[in-house]
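Undergrad: Single-letter residue listing:
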Amino acid sequence: MNQHPQGAAPPPVSRLIDEFHKLPGIGPKSAQRLTYHMLRIPPEDAIALAQAIIELKERTVLCSICQNVTETDPCGICSDDGRDRTLICVVEEPLDILAVERTRGFHGLYHVLHGVISPMDGVGPDDLKVKELLERVRGGSVREIIMATNPNLEGEATSMYISRLMTPMGLRVTRLARGLPMGSDLEYADDVTLSRALENRQDV
Amino acid sequence: MPRPRVSTTPAIVLRQRKLGDADKILTLFTANRGKLEAVAKGVRRSRSKLAGHVEPLSHATFQLAQGRSLFIVTQAETVESFTPIRDDLDRLSRGLYACEILDRFTETGEEHFELYRLLLDTLRRLSVRDDIDTPVRYLEMQTLDVLGYRPELDECVTCRKQLAAVTNYWTAAAGGVLCPNCRPGELSVRPVSPNAIKVLRMLLHARWSDVERITIDPDLAVELERALLEYVRWVLERDVRSAAFIDAVRRPRRGARPPVGPVARIADA
Ligand SMILES: [Zn+2]
Ligand SMILES: [Zn+2]
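Read top to bottom, the protein sequences are chains A and B. In terms of my numbering, the first sequence has 318 at position 8, counting the first letter as 1, and numbering is strictly consecutive. In terms of my numbering, the second sequence has 164 at position 119, counting the first letter as 1, and numbering is strictly consecutive.
Next comes chain B alone, as it looks inside the complex (with noise of 0.2 Å):
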């Protein structure tokens, strides 16, 4: 019988399911191996050591042995529990869509020390910071860019041109920004403001630094959100499921001022 290998590697806890009546398999996305899965054995257990240590969002260190299949969790060290976003829906929402955005876009055994180290600059923005939309916005471009799929944001797609500040037009399908005179006949395209772009543009080159100086008005953070969203969606050619649950938490909190009315429309949607 050949050793099982182990190996110790910090990671993030991208996602769980179950696995049989107690274990779980967990996907993680690990500093210097990529995104990995690995089975839990016992966590669903009262007494299990582990459990604490593997729920999504958890940043531990874990020793690995390799399975047949699988890898083994053997020991798992918490090193960031990030306890303000799993004890607030709109920190939670917003960190487990960062979660299933490196899901989505990464295959298992690829090495992305970037990504993981954008993740968890993230995470750490999403669990102090007022905005919490701003960072997810970041990390969408940045994944985009690091895996080649930065978008066209200077000059228009189709005829090169330089863009102008005036409204152009937004395309997933084209990789970027068309402007006014090439929009005709362009299906599914949306206008996209001079603003919009301008911030789009730093959320390309920007560090860290700079993302949390800026301020977005309400309006622009929704045109931000739903274009970076819909491009998303086209290069990954399917949805990104948690973004359903961001807009399952603003509704009672719009609804929440007069207590029936608002309520009883969630009740009837």
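Isolated chain A (complex conformation) (with noise of 0.2 Å):
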């Protein structure tokens, strides 16, 4: 192992571990092997990977309307015309747009909660894009809410609540049908899969 004479790495090394780490599913190991890697690399490789997280940070911002990730605001789906404004699907996060987008079977809008209401871990309704989506569907052109959380329970917990909010208001709220296995990411689901259980959505 790299191993700096007094036992601690110097600081500017020791400062990349600290940042890697903070990365979902960056153990300290893990950490510790991608900054001596970075350490190798040429600097070009490096500045540009630098220039990539800067960019990524100053060059996209929530869509103010769906809350997905976009360059442009409102973003491309958003401002697409062609798009059915009376049903929004709604999903935990901006990848599994691309999942439902990947299935061409879906033409109306998205709303990307930006996680999934978890109890034990303290997030709840209020820590997710929630209040936006109520914002939207107070306008009143909106009929329908198809809930594509991951079919997990706490998938299943959030289409449940947002049922709660907003069958009252006279909206129609679906559920992706029971065909994606229980416990799955949306993100692993095949396209086949997934658009038979757009099609065959059922009523919370």
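Pair by pair, the computed Cβ-Cβ distance ranges are: (1) A358/A x T53/B: 46 to 56 Å; (2) E509/A x N77/B: 43 to 53 Å; (3) R325/A x T119/B: 38 to 48 Å; (4) D66/B x D394/A: 27 to 37 Å.
No lab work stands behind these hints: they were computed from the structure. Computed from a prediction, not measured in an experiment: that's the story for all the values here. We treat Cβ as the ideally placed atom computed from N, Cα and C, and that holds for glycine.
Assembly of the complex is requested from the two constituent chains, each provided in isolation within its own frame, with the hints serving as guidance.
TA: Here you go:
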């Protein structure tokens, strides 16, 4: 193992290790490995990476309508006149939009919650973009909310909660059909299964 | 290479968290080894055979192999999935709260068969009964009792006189109830009604069959919920996070009548 003589890494090294360690799924060992990898690569590659991160933060915003990550506000989907404005498909994360778009079976709009209700982790409705969804449907042109949260306990809880909130407002709230295996992540679903789940959606 | 030790145990999934791209770490409350953590590999992929059996609130038989640091789930078969809890927001909020209580009160590696039974029995009541709050109160009180935090409900914690059937005062910090004479000067006490004390005693001493027979009116239910949650928080020295979810699922329900006004209040909150 590469060790600084005194046993501790020099500050610039330990600082990057700390930063990597904050990333999801990166443990202390992986953080060290990535950092020493950065030491070995050519400077221009390292700078390109740093630049890409800066641009990501500087040149993207959340769409003020659907909360998806976008370069322009409103995003491409929200400003597309060809899309059905009476349907909103609610997803947990921006990546889930890609999964639903791949099916080519949905022509409405989206709403990204940026998370899912997770009571034991202290994540409640107020920590998600639920308020923003309420604002949107209050406009009155939306007829149906399709909940496309992951088919697991937290996804179901989120979908039941939103249904409890929106059904009294006269909206139809539906859920992807049960064809998706319980416990799996939406982003792993194959297009055929997902299309079918979308077509056969049921009331929550 | 030593062969991994494999064991089979019934368990309830208390919670799970994501690990890497496709795995999950489960917190299991097992019948014979108490709480433990186990990795369920590949369960976030669509074709996983394990996935359907390892969601929180599942009661399943697990085959576990002793890995280097954690247990690894090699097989799981559902015994009870408690579908009525999963399909109903109110029941679900109570079920998750019950799981969190046991998660917070126990350490991995301690054996607690009594608490395992208690959780299982609580979840069974939460699946079928109309009153979904009293079972949770019973779980709180019994957990406190089993682990040595039984509140004093018969005499005043300061002067040791028998409590009269008047409004007394509830104090988690002093471990029970204060009489009106001893109340002055004590901070953080809340009034507790004679009826509430009666039910609290019942929760401490009763069996499930007795618990199922009582009906508690809504005001008393609120009083009991607050008193026990305060007590639990004080003992744990931390919050029980799912309690906020129980409140959250009540909010829209209260506002459900007129379609616009109250909903707007939620949005602005
Ligand atoms: Zn948008
Ligand atoms: Zn006294």
